[in-house]
Structure formats: structure tokens, C-alpha cells
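Turn these sequences into a full structure, and let the hints steer you where they fit.
Going line by line, the protein sequences match chains A and B. According to our numbering, the first sequence is numbered sequentially starting from 17. According to our numbering, the second sequence is numbered sequentially starting from 36.
To be clear, the hints were calculated from the coordinates, so they are not data collected in a lab. Ideal placement from N, C-alpha and C gives every residue a C-beta, glycine not left out. It cannot be assumed that every hint is accurate.
[Claimed, not checked] Far from chain B, some chain A residues (derived; all Cβ distances over 10 Å): (1) S32; (2) A35; (3) V81.
[Stated by the list, open to error] Which residues of chain A face chain B? A few of them, derived with a C-beta cut under 8 Å, are: (4) G83; (5) M181; (6) G184; (7) F204.
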Amino acid sequence: MMDWQALQLSLLLGCSTAALLLPCAIIIARWLAWRRFRGRNLAQAAIALPLILPPTVLGYYLLTVLGNQSPVGEAFNALFDESLVFSFQGLLLASFIFNIPFAVQPMQNAFRTIPDDLREAAWCCGLSGWRTFWKIELPLAWPGVLSALVLTFAHTLGEFGVVLMVGGNIPGETRTIAIAIYDRVQAFDNRSAGLMSATLLLISMAAITLMYAFNDRLDRRRGG
Amino acid sequence: MNQGIRGCIAVLFILYCITWIGPPVRAEETVLVAAAANLSHTLEEIIARYEDHTGNKVRASYGASGNLTQQVLQGAPFQVFLPADRKSLDRLQMKNHSIVASNVLARGRIGFFVPRDSSLAGQDLKSLLHALQNGKYRRLALANPETAPYGVAAMEALQKAGVWVLEEDKLLLGESVAQAMQFALSGGVDLGVVPLSYASLPEVAGKGEFLEIPENWHQPLLQYRVLLVDTAPARGFYEFLSSPTAKEILKYHGYETQLTNDH
Numbered sequence: 017m018m019d020w021q022a023l024q025l026s027l028l029l030g031c032s033t034a035a036l037l038l039p040c041a042i043i044i045a046r047w048l049a050w051r052r053f054r055g056r057n058l059a060q061a062a063i064a065l066p067l068i069l070p071p072t073v074l075g076y077y078l079l080t081v082l083g084n085q086s087p088v089g090e091a092f093n094a095l096f097d098e099s100l101v102f103s104f105q106g107l108l109l110a111s112f113i114f115n116i117p118f119a120v121q122p123m124q125n126a127f128r129t130i131p132d133d134l135r136e137a138a139w140c141c142g143l144s145g146w147r148t149f150w151k152i153e154l155p156l157a158w159p160g161v162l163s164a165l166v167l168t169f170a171h172t173l174g175e176f177g178v179v180l181m182v183g184g185n186i187p188g189e190t191r192t193i194a195i196a197i198y199d200r201v202q203a204f205d206n207r208s209a210g211l212m213s214a215t216l217l218l219i220s221m222a223a224i225t226l227m228y229a230f231n232d233r234l235d236r237r238r239g240g
Numbered sequence: 036m037n038q039g040i041r042g043c044i045a046v047l048f049i050l051y052c053i054t055w056i057g058p059p060v061r062a063e064e065t066v067l068v069a070a071a072a073n074l075s076h077t078l079e080e081i082i083a084r085y086e087d088h089t090g091n092k093v094r095a096s097y098g099a100s101g102n103l104t105q106q107v108l109q110g111a112p113f114q115v116f117l118p119a120d121r122k123s124l125d126r127l128q129m130k131n132h133s134i135v136a137s138n139v140l141a142r143g144r145i146g147f148f149v150p151r152d153s154s155l156a157g158q159d160l161k162s163l164l165h166a167l168q169n170g171k172y173r174r175l176a177l178a179n180p181e182t183a184p185y186g187v188a189a190m191e192a193l194q195k196a197g198v199w200v201l202e203e204d205k206l207l208l209g210e211s212v213a214q215a216m217q218f219a220l221s222g223g224v225d226l227g228v229v230p231l232s233y234a235s236l237p238e239v240a241g242k243g244e245f246l247e248i249p250e251n252w253h254q255p256l257l258q259y260r261v262l263l264v265d266t267a268p269a270r271g272f273y274e275f276l277s278s279p280t281a282k283e284i285l286k287y288h289g290y291e292t293q294l295t296n297d298h
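As C-alpha cells, this is what we get:
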């Protein structure tokens, strides 16, 4: 049996993470692509960290920092009368953090390919920094932005370890489709697990294929 | 190029709209239950009956009692808690977590599960233990005694039988008893120590045989029910757990429900 609630939750988490993360990631990506400053490598390493850290390490720190006994957890509890861990909000925050490299890196690469003199030319023509961003930078970096969006979305759908540690397995709140599959396997319900796995496979495949197709079209239009 | 921008804005706009819907709102009368993994299938039946009776919704999350206790202490929004040992309840009390009501729900049993393809298939308890003592098996699956009460009982029973930790590398520890059973079902494992309640599951039927472990080989496996929050829907479900209907379902799955409540 398909767990529709879990699928809906996963899609919502994916969209929310992408929407929240994108603006922040654009700022970080431009900063890393063009600025040279001390500790730049350190900053880049910190951003790449979620790629290589085991989910358990990330999950452990998030539990420690966001848990009910921590200052952050206590503050959230006092404000909203709800705990941050084992809630959708906590999951969203965790998802935001473990997706940072997936959003920043493609955009950083895209912004880096924009030649400096092109931006300088735009400024010389009297375009403000803001208008240069909208008219010149963003259209040129569009494939990177799209990749960041899709990767964030797909990776949120696929994340398991951190979600299990920070969110638990609460139906309708933190039970994402990835957790629901695990849950079904633990209930010896291989049919449901198989069905949901296939669904997740198809969604992820479709998202990534769409991304490649879009980028391919853009490339051809530009190159051709 | 403008198409790119427009596309970007459109996608972002759609994303923000979806986000605006916000997190899924749990209906006020939905009861969230945290239950020991061994209860899973049994409790789903009880929940189905309860929902039929009252129209109220109940959603359950299953896991090792120790892990669930940790989640409750961290502020997970569970309203009813069904751990498989007294220790979980004590830990809540020690940390001054609110407990509205609690008592013993049922007593569980454990048994050996011998998968069909196991080299131990077809043997009785005595020859099974003999084979264990002589190390004539590949792997033995049980729940992790650190977090799962059923793992503790399994360990005690194996100790009593004189076969505990002969070869540690042959032990396969599941996070909960459900995972131990899943290990036993997925091949390469000759034996599992699991709840006897699994014997009544259609998912397991025909995939192996169960051998009862005498109850005096381990401390009694007491299943508790704990009401964490005093709301009408939560109390309703908590009460329903001791109703004749619920007891009948528990009994069908091999739980003993005739208990004195002085544990």
C-alpha cells in the first residue's frame, strides 16, 4: 500500500527546502565565486562538509544543538510551545543544512563562468548592481540555478539518516517516504516497500532527467 | 534569455506557494502513539477497531522502547506510549516527564524463529540448543539488548540455556525486535529470537517455524501503557486498550492479558 501522506510530506519538505535555501545559496555562491578573502578555502570546506560527513554525525550535532535541553531548543519551545526536534520545522531546518552544498556548488560553478569584464561592462552602461544581477548574471547562471534547485529537491526526497535521527518516524509529521519504506521493511511488508521504492525511483529519475533536458536545450540555444 | 528569468521566477513562485501551505496540520483529535516494535501488527488491528468504533484517528510510530523513550524525552509529540519494559517508564519518571496514568497492559512471550532454509529447521528445542552450544549455525538474530527489552529477554534466555555469546561474530543485532525478525526473514540467518506474537502474522506464515522459549528463562516481558497527555482523544484510546475488544486481539496474538496490576 502506498503511504500517500508520507509522499506528500516528502514533496512538501523538498519544495520548502528548495524555496528557503535558494536565495541564501545564491548569495553564498556569488560571494564564493567572485570574492577572494582570507579563509575562503575554509568556508568552502565547511559548505562541502555535509557531502562527506556521515548522516549520523550531522544528525547527532543537530540533535544536540536543536534538542529540548539546548538553548536553541528551549527558545523555540518557549516561542511556539512545540519542540524543534521530532517536528516538521526541525526537519526543515535539518534539511536546509544538509542541502547547502547541493545548492551552493552548482551555482558557484555557474557564476564563476561569467567573465568579470561582462559585469564591468554592465556597470559601465549604468546598470545598478541589482539590475546587473537580474539582467546579466542570473540569466547566464540559470543552468546552475536549475541544477541547484533540482538537486536540493531530489536530495531532500532521498535523505534518510539525518531525517531518522532528527525527525524520528512520526506519521504525518516526520515520516517521509524514505522513512516509510524503512518502516514497511521493518514490518515485513515488502510489497509496500517495493511499491514506494519504485515511486521514489521514478520521481527522482524524472527530476534529474528534466534538469539535464533543460540544460541541454539552453546549451544548444546558446552555442547554436 | 528573458525566458530563463521568467522560468526561474515561475518555479520559485510555485515553490513558495507550496511552502505557504505550510507543514501538515495534525487534526486536534488525532492521537499519536509510540509503541514498542513487537506490538506493531497487533496494535494496528486494535487501532483499526478503535477507529471503526469512534471515528477518531490514531497514528502509531514503532521502534525499540529505549529509542522511543529518548524521543519522548526530547519532546516528540506522542500522547500515548506503549513500551515493553518498566525501565522506560522509570526513565520518564526520573526525568520528571509528565505521566497522567500508566499500568501493565499485557505480558509477551519470546520464541526461536527458525527460517525455512535454516540448517536448524525441523529440530526440537533440545537439539536446537545442542546445535547452538556446538556452534553449528551461521548467524543468530536478536534485538539489541541496549535499546530493546525483547533483546534483554533474548539474552537472558540464551544465558539460561548456557549458549550466550559463544561466538559474538555470529550475533546479528537488530535495532529493534522488528529488525531482528526482518534479518531472520531475509536469509543467511539460521535462527532468530523474536516475539511469539509474530507467529500469528500472515506476512510470516510459511516462512519458518516458531519454537516457544519457556517463560521462566527470562524476566517477565511486561508491556506497559502510559498516558502522556491528558486530552479526551488520547484518554479515549488509552482506555480502549484495556477494553475486551483490545484484550481479545492481544490474546489472539499470543499476549497474556490476565494480569495483576501490581508490577
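Hints, verified against the model:
At roughly 4 Å, the least C-beta separation between A:S32 and chain B is not larger than 10 Å, which violates its mark as non-interface. With a cut of 10 Å on Cβ distances, A:A35 falls inside the contact zone with chain B, its closest approach being about 4 Å. Every beta carbon of chain B lies more than 10 Å from that of A:V81, the smallest distance being close to 12 Å; the non-interface claim holds. Taking 8 Å as the C-beta cut-off, the interface hint given for A:G83 holds, the closest approach to chain B being about 5 Å.
Taking 8 Å as the C-beta cut-off, the interface hint given for A:M181 is violated, the closest approach to chain B being about 10 Å. Hint status for A:G184 relative to chain B: holds, with the closest Cβ pair at about 5 Å, below 8 Å. At its closest, the beta carbon of A:F204 sits 4 Å from a beta carbon of chain B; the interface hint therefore holds under the 8 Å criterion.
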